[in-house]
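Trainee: Sequence:
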Amino acid sequence: MTSVLTTNFVPKVLDATKWENIEPLMNALLEREVSSKEELEQWLLDRSDLEAAIGESGANTYIDMTCDTQSDAKQGAYTSFITNVTPKVKPAGFELDKKYKALAEQLSMTADQYAVLYRDTQADVDLFRQENVAIETELSKLDQEYDKICGKMTVEFDGEERTMPMMGKYGESADRSVREDAWRKVSKRRLEDQPRISEIYDEMVSKRNSIAKNAGLNNFVEHTFKSLHRFDYTPDTCFAFHDAIEKHVMPFVAGLDAQRMDELGLDALRPWDLAVDPKGHAPLVPFTGGVDLVAKSQKVFDQLSPELSKMFASMGDGSNTNGTADDAMLDLDSRKGKAPGGYLYFRDRSQRPFIFMNAADQHRDVETMVHEAGHAFHALYSVDIPWIWYRNPTMEFAEVASMTMELLTMPYWDAYYPTPADANRARRKQLEGSISLLPWIATIDAFQHWVYQNPTHTNEERADAWLKLEERFGMQGHRVDWDGLDEERKFVWQRQGHLFGVPFYYVEYGIAQLGALGIWLISLEQGEEAALAAYKKALSMGSTVPLPELFEAAGLPFDFGDETVGRLVKRVRAELDKLPQ
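Take 600 as the starting number for the sequence shown in my numbering and just add one per residue.
Certain hints may be false.
[To be verified] List of simulated lysine to any residue pairs, SDA-like, C-alpha gap at most 20 Å: (1) Lys-1067 x Gly-1083; (2) Lys-846 x Ala-1173; (3) Lys-1028 x Ala-839; (4) Lys-698 x Leu-628; (5) Lys-689 x Asp-725; (6) Lys-689 x Thr-678; (7) Lys-751 x Ser-670; (8) Lys-1177 x Gln-1125; (9) Lys-1169 x Gln-1052; (10) Lys-1067 x Ala-839; (11) Lys-747 x Lys-698; (12) Lys-747 x Lys-825; (13) Lys-697 x Leu-628; (14) Lys-1067 x Gly-1100; (15) Lys-895 x Val-884; (16) Lys-1135 x Ala-881; (17) Lys-1169 x Glu-1148; (18) Lys-768 x Ser-797; (19) Lys-617 x Asn-683; (20) Lys-935 x Thr-920; (21) Lys-768 x Ala-881; (22) Lys-1135 x Asp-983; (23) Lys-784 x Met-752; (24) Lys-895 x Pro-1010; (25) Lys-636 x Asp-725; (26) Lys-825 x Gln-1052; (27) Lys-935 x Thr-887; (28) Lys-1135 x Thr-920; (29) Lys-697 x Ala-672; (30) Lys-687 x Trp-618; (31) Lys-784 x Val-1079; (32) Lys-740 x Pro-1010; (33) Lys-846 x Asp-1161; (34) Lys-698 x Leu-644; (35) Lys-1169 x Gln-1125; (36) Lys-698 x Lys-751; (37) Lys-935 x Val-890.
[Claimed, not checked] Distance windows between CB atoms, simulated: (38) Gly-854 x Asn-683: 25 to 33 Å; (39) Lys-617 x His-1097: 28 to 36 Å; (40) Pro-877 x Gln-721: 20 to 28 Å.
None of these hints come from the bench; they were simulated from the model. Where a beta carbon is used, it is the ideal one built from N, C-alpha and C, also for glycine.
When you get a sec, could you build the whole thing from the sequences and use the hints?
Mentor: Following this line, the structure appears as structure tokens:
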């Protein structure tokens, strides 16, 4: 594989939001004569640079759209890209995939360093259908509508109009009446848009089922595992993971719930009792505004690693509130009209990450900040890999990069919480959450398997399937009293944006959480330097090797079954016992 990163094929400045600027370059690649390994490597390098330029243009329109869902211009730019560019790039890319596949076979370049690229391309060629391109565009528009609906949601509370993320802090209020009032107002507001969101999801499920059928597959589950290049595990592996969570994690969660109920002096937990500190402490307030969040996070990375500190410092001070304007790399504060959630988008051509989040001065924002920073570190560690396909990591290991940062930064959280008691509260919250998140992951993953294995289901059948999964994993079932809240309970799943924009992208968080806990254990048993070295080694490999080899490079077993889950739950429990109450 060539080590050259730059080419003269793609102009240094290319407006790839216009197909007329892309088409000649696509045609040139398609028509180029390639007769040697060296020529194919150069062809791949040129194509990689072109895909980076196209991807970056698309990334910028998406980022700006999510940063301001109320701007007609930004909405229009994104719509134009997914309507006028993506549907033309995909079939052209398919022709290039076919050319590469044939050349790789002809020149015996299907093994060793080429194996992963060839394997992935072969799957993409098998799946491509021209008729699916228009359907995928329609799905992107539906997801855009979902984001816009959620971005507009606000409630009047405590004398002000507040976004959904801003309301999170009231769930931590020691005053139970405040918690309940906040929860009910948020849920009532969400139910107003429930019918349209349900319709959007119905349309998405139907269209995704059509995509699978068009590709000659039985259902969208089969299509997803192939399109996401999940070659190293199967749906049955996921089901075994769910079973391990039920066996090992649910008793852990039940213990936390029993303790919470006892400390709160309650006979039963209600939905508004799950976030409050059970000892009656005031909500943790780690920062005030995005600038303060970045400044304190910088202090954390300064102590953890000079290398990571330098990477983080390159991203800005957190003051930006206007998307990608002025080459910004951060847009952090929650505001009306901003899409929900948080993400890291790496612009491959300029090699600049962008962190989007909805900070509202809560501890969960600290977790999001260091999580997304982990994604940025992953991208920056792998920038020297010449081909874009190998720089973009498999999603399972991408989440190892982010979730590991949540754990490795914990010793330095005094930057957010100067008092030892608050810092330890935050650490306890993180460790408990690292395990208690797993049932929610299992719920969302199992829900998607059911949805796409039964694509013609009714809304009533979907609600019933959802409630059965909640009962199984205990997230909203036997441990929470939902009396009088039947409608709210049926539609909790609508808050999980992954279900709409990135279907099936959720079990990765569970697989990665086990990996992140494994690297954290290395830090406890072998020292922080050993953990950071394993982290860097694996992240620097991008996706040049299959997923099990990435885990091996980090010193981790590629296993998310009964033995691994049980061992990690036991160790987290032991570490929690060491923390001051």
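Trainee: Against this structure, judge whether each hint is valid.
Mentor: Cross-check of the supplied hints:
no. : hint                           : in the structure
1   : Lys-1067 x Gly-1083            : holds (18 Å)
2   : Lys-846 x Ala-1173             : holds (18 Å)
3   : Lys-1028 x Ala-839             : violated (27 Å)
4   : Lys-698 x Leu-628              : holds (9 Å)
5   : Lys-689 x Asp-725              : holds (14 Å)
6   : Lys-689 x Thr-678              : holds (16 Å)
7   : Lys-751 x Ser-670              : holds (12 Å)
8   : Lys-1177 x Gln-1125            : holds (18 Å)
9   : Lys-1169 x Gln-1052            : violated (34 Å)
10  : Lys-1067 x Ala-839             : holds (18 Å)
11  : Lys-747 x Lys-698              : violated (39 Å)
12  : Lys-747 x Lys-825              : violated (30 Å)
13  : Lys-697 x Leu-628              : holds (12 Å)
14  : Lys-1067 x Gly-1100            : violated (24 Å)
15  : Lys-895 x Val-884              : holds (12 Å)
16  : Lys-1135 x Ala-881             : violated (38 Å)
17  : Lys-1169 x Glu-1148            : violated (26 Å)
18  : Lys-768 x Ser-797              : violated (27 Å)
19  : Lys-617 x Asn-683              : holds (8 Å)
20  : Lys-935 x Thr-920              : holds (12 Å)
21  : Lys-768 x Ala-881              : holds (10 Å)
22  : Lys-1135 x Asp-983             : holds (13 Å)
23  : Lys-784 x Met-752              : holds (11 Å)
24  : Lys-895 x Pro-1010             : holds (14 Å)
25  : Lys-636 x Asp-725              : violated (24 Å)
26  : Lys-825 x Gln-1052             : holds (16 Å)
27  : Lys-935 x Thr-887              : holds (18 Å)
28  : Lys-1135 x Thr-920             : violated (31 Å)
29  : Lys-697 x Ala-672              : violated (37 Å)
30  : Lys-687 x Trp-618              : holds (7 Å)
31  : Lys-784 x Val-1079             : holds (19 Å)
32  : Lys-740 x Pro-1010             : violated (43 Å)
33  : Lys-846 x Asp-1161             : holds (8 Å)
34  : Lys-698 x Leu-644              : holds (14 Å)
35  : Lys-1169 x Gln-1125            : holds (19 Å)
36  : Lys-698 x Lys-751              : violated (45 Å)
37  : Lys-935 x Val-890              : holds (19 Å)
38  : Gly-854 x Asn-683: 25 to 33 Å  : violated (55 Å)
39  : Lys-617 x His-1097: 28 to 36 Å : holds (31 Å)
40  : Pro-877 x Gln-721: 20 to 28 Å  : violated (53 Å)
Violation of the numbered hints given earlier is confined to hints 3, 9, 11, 12, 14, 16, 17, 18, 25, 28, 29, 32, 36, 38, 40; the remaining hints are satisfied by the structure.
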